[in-house]
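Asker: Turn these sequences into a full structure, and let the hints steer you where they fit.
Chains as they are written, first to last, in this note's numbering: chain S, 63 to 278; chain G, 685 to 1075.
Just to be clear, a hint being listed does not mean it is correct.
[What the hints assert, rightly or not] Computed far set for chain G versus chain S, every beta-carbon distance over 10 angstroms:
{"#": "1", "residue": "691"}
{"#": "2", "residue": "770"}
{"#": "3", "residue": "818"}
{"#": "4", "residue": "828"}
{"#": "5", "residue": "851"}
{"#": "6", "residue": "861"}
{"#": "7", "residue": "896"}
{"#": "8", "residue": "976"}
{"#": "9", "residue": "1000"}
{"#": "10", "residue": "1010"}
{"#": "11", "residue": "1061"}
{"#": "12", "residue": "1064"}
[Stated by the list, open to error] Which residues of chain G face chain S? A few of them, derived with a C-beta cut under 8 angstroms, are:
{"#": "13", "residue": "739"}
{"#": "14", "residue": "742"}
{"#": "15", "residue": "743"}
{"#": "16", "residue": "744"}
{"#": "17", "residue": "746"}
{"#": "18", "residue": "942"}
{"#": "19", "residue": "944"}
{"#": "20", "residue": "997"}
{"#": "21", "residue": "1001"}
{"#": "22", "residue": "1012"}
{"#": "23", "residue": "1053"}
{"#": "24", "residue": "1054"}
{"#": "25", "residue": "1057"}
[As the list claims (entries may be wrong)] Sample of chain G residues at the chain S side, in silico, Cβ under 10 angstroms:
{"#": "26", "residue": "745"}
{"#": "27", "residue": "747"}
{"#": "28", "residue": "1019"}
{"#": "29", "residue": "1056"}
Because the hints were derived from the structure by calculation, they are not lab data.
Ideal placement from N, C-alpha and C gives every residue a C-beta, glycine not left out.
Here's the letter readout for the chains.
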Amino acid sequence: MLGEGILKGLAETAKNFAGSYVSKERLTTVQYPEERIAPIEATRDFPFLVYDGEDWQAGLRCVACQICEKECPPKCIYIEKSKDKKPDYVGKPQIYPARFDIDISVCMSCQICVEVCPFEAIKMDTVFELATEDRFGGLLLDRSKLAKSNEYYHTIHPTEAAEVDARLAEEKAKVEAKARAAAEAAAAKAAAAPAAAAGAPAKTEPPAVKPAGGAE
Amino acid sequence: MLEKADQVFVLLLHWLVGYLPAAWQPAAGVLLCVVAIIAVYPTLFALAVLLERKGLGRMQNRYGPNRVGPFGILQPVADGIKSLTKEDIVPFTADAVVHFIAPLVLVVAVFMGFAVLPMGRNMVLVDLDASLLFFFAMGASTELSVFMAGWSSRNKYSLLGAMRAVAQMISYEVPLLLSTVGVVMITGSLSLVDIVDAQNRYTWGLAHWNVFKPWGLAGFVMFVIASMAETNRSPFDLPEGESEIVAGYFTEYSGFKFALFFLGEYVGMFGIAGLGTSLFLGGWSSPLAILNWVPSWIWFFSKVMVWICFFIWVRGTMPRLRQDQLMNFAWKFVLPMTLLNLLVAAEWRFVADLWLRWIAGMVIVVGAYVLMGRVGMRREHFGPRTYRYAE
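Answerer: Right, dumping it as structure tokens:
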């Protein structure tokens, strides 16, 4: 009969209406400022700079290579290189960013800066409550606001951070092994030098290098 | 004491007017009534908006507004402040004068209808002999304002909305009028005061409401359908159709003018609900004789609010109709039913035997409903689409 479906529908909405007061399961709304659900691990919004250790200025991984600045599609990154150098995580002296600004009102959260960074220095953050009264200054994040510790990175993206740490440790180990090998070679050379007659060190050196060259 | 409570507003009016010289008293009385109407219905409007937003939310298993004030009850205040402080934008190419007048015409027209509604015992502003006709005349002039708004905005969505609104409102004006003719035939009066008085009688403690009679029931159902279409309520909200034409005829309105359209729409709903209550649900009379001690105005306003709640319920349930469905429904189902209802009303009027007129009336009404629902509203199956050239 005509109208049967309408009555069925009315019964359904009436059931919803009454049911929403009785059973809490019907209401799926998360009442945001008071209630929060934990963000999923892959959440990302804006980039931040990772630093190691306690002091953010000393531990900043960024070496101001400016790749991210050049790759950034909306051009929201601005970097100024430093004049002096500071040691990086393996101890090699590197330049560092004297200025590193990200305008998050321009940033489109594409993660390209993260993908191109060879130094694992820039990663994606999960903070989203960035509303501010100052439209220009408040959304232009400088170095001090962007720098966040590696421990923080571990809390927001544990899996990814563990992979990054493993990669860095491997690299560091490789560098250290190389340095040790170099040091050993130098020591051996230093030890060999006085043992051989101090007459002609230039002549004794080529045969010592040759096996290494042949191994390659 | 209870009689005083029933007549409290009438007594208050007389007491206030009594301070004025006799020559001014009629005019002052009318003015006070108008002020009361203009104060009461926007307040009810705020209440209805809150009810609608909360109720619709609950029907969709949401909370609805719950931030402003305790349980969100101050939401209408926030909405009002917002719409009052927003920028009023008039499109550069719009016809500024008509664009400005349209919301005013709407609000004036919908408020005029309340002049003839009996909102309680002795509570009617103007007791016209042809108050039903007056109400419909005023209700029909809202179409004018809708078309003014749509035409003057110079916007394709506005114009489309206005075209739809006019087509829909004219189509449903006919069944709306015809569904009330049965009441006029039986009561023998066009005056709403007389119509309510005729229903304010009791047999075995039960009221003689028109809805309890076969012709009244059929007329009531058709009136509810037509009134939803008249006030552009869902499922007949094609003129606004948010998903298709932005906001229909008031696309180009903002700020207070938009609020006026919104107000006009809801006050129009109250008007048509008040009319339907007076015609079919006994107006200010109580359903049971033993409940007669409750003040008459409480009955009227609670019936109107129940009607509004039903509108909200329907809105939460049904999707929007398509234009052809809307027209088919109006001309193939509602209009024939209302015409047939005239026959039923005549049968009720002239058949003296109580049982015979009940049975005959119910048989005609229910039979026609089932038959027309089966035949007239049959869904046409066109089968899968065929292509002549593209294969």
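Asker: Compare the structure with each hint and give your call.
Answerer: Results for each hint:
With 10 angstroms as the threshold on Cβ separation, the claim that residue 691 of chain G sits away from chain S holds: the shortest Cβ distance comes to roughly 37 angstroms. At the 10 angstroms boundary, the C-beta of residue 770 of chain G stays outside the reach of chain S, the nearest C-beta of that chain being 21 angstroms off. The claim that residue 818 of chain G is not at the interface with chain S holds, since no C-beta of that chain comes within 10 angstroms of its own (minimum 32 angstroms). Listed as a non-interface residue, residue 828 of chain G keeps its Cβ farther than 10 angstroms from every Cβ of chain S; the least gap is roughly 32 angstroms.
No beta-carbon of chain S is positioned within 10 angstroms of the beta-carbon of residue 851 of chain G; the least distance is around 23 angstroms. Against the 10 angstroms criterion, residue 861 of chain G stays outside the reach of chain S, whose nearest CB is about 22 angstroms from its own CB. Under the 10 angstroms C-beta cut-off, the non-interface status given to residue 896 of chain G relative to chain S holds; the minimum distance is some 20 angstroms. Separation of residue 976 of chain G from chain S is adequate, the least Cβ-Cβ distance of about 30 angstroms exceeding the 10 angstroms criterion.
Distance check on residue 1000 of chain G: its Cβ comes as close as 5 angstroms (rounded) to a Cβ of chain S, failing to clear the 10 angstroms threshold; non-interface status is violated. For residue 1010 of chain G, the condition that its CB be more than 10 angstroms from all CB atoms of chain S holds, with the nearest at approximately 15 angstroms. The Cβ of residue 1061 of chain G sits about 6 angstroms from the closest Cβ of chain S, inside the 10 angstroms cut-off, so the non-interface label is violated. With a cut of 10 angstroms on Cβ distances, residue 1064 of chain G stays outside the contact zone with chain S, its closest approach being about 15 angstroms.
Interface hint at residue 739 of chain G: satisfied, since its Cβ lies 7 angstroms from the closest Cβ of chain S, which is below the 8 angstroms cut-off. The beta carbon of residue 742 of chain G comes within 5 angstroms of a beta carbon in chain S, closer than 8 angstroms, and the hint placing it at the interface holds. Checking residue 743 of chain G against chain S by beta carbon gives a least distance of about 4 angstroms; that is within 8 angstroms, so the hint holds. At a threshold of 8 angstroms, the smallest CB-CB gap from residue 744 of chain G to chain S is about 7 angstroms, leaving the interface hint in force.
Annotation: interface hint on residue 746 of chain G holds; nearest CB of chain S at approximately 6 angstroms, less than 8 angstroms. Evaluation of the residue 942 of chain G hint against chain S yields a violated restraint, the C-beta minimum of about 27 angstroms exceeding 8 angstroms. Given hint, residue 944 of chain G at the interface with chain S, is violated; its Cβ is 30 angstroms from that chain's nearest Cβ, farther than 8 angstroms. Because the closest C-beta pair between residue 997 of chain G and chain S is about 6 angstroms apart, less than 8 angstroms, the hint holds.
A least Cβ separation of about 4 angstroms between residue 1001 of chain G and chain S falls short of the 8 angstroms threshold, and the interface hint therefore holds. Among the interface hints, the one on residue 1012 of chain G is violated; its C-beta lies about 12 angstroms from the nearest C-beta in chain S, farther than the 8 angstroms criterion. Because the smallest distance between the Cβ of residue 1053 of chain G and any Cβ of chain S comes to about 7 angstroms, under 8 angstroms, the interface hint for this residue holds. Because the smallest distance between the Cβ of residue 1054 of chain G and any Cβ of chain S comes to about 6 angstroms, under 8 angstroms, the interface hint for this residue holds.
The interface hint given for residue 1057 of chain G holds, since its Cβ lies 3 angstroms from the closest Cβ of chain S, which is under the 8 angstroms cut-off. At its closest, the beta carbon of residue 745 of chain G sits 5 angstroms from a beta carbon of chain S; the interface hint therefore holds under the 10 angstroms criterion. Annotation: residue 747 of chain G was flagged as interfacial toward chain S, and the flag holds, the nearest CB pair being 6 angstroms apart, inside 10 angstroms. The beta carbon of residue 1019 of chain G comes no nearer than 15 angstroms to any beta carbon in chain S, farther than 10 angstroms, and the hint placing it at the interface is violated.
Hint status for residue 1056 of chain G relative to chain S: holds, with the closest Cβ pair at about 8 angstroms, below 10 angstroms.
In terms of the numbered hints stated before, the structure departs from hints 9, 11, 18, 19, 22, 28, listed from lowest to highest.
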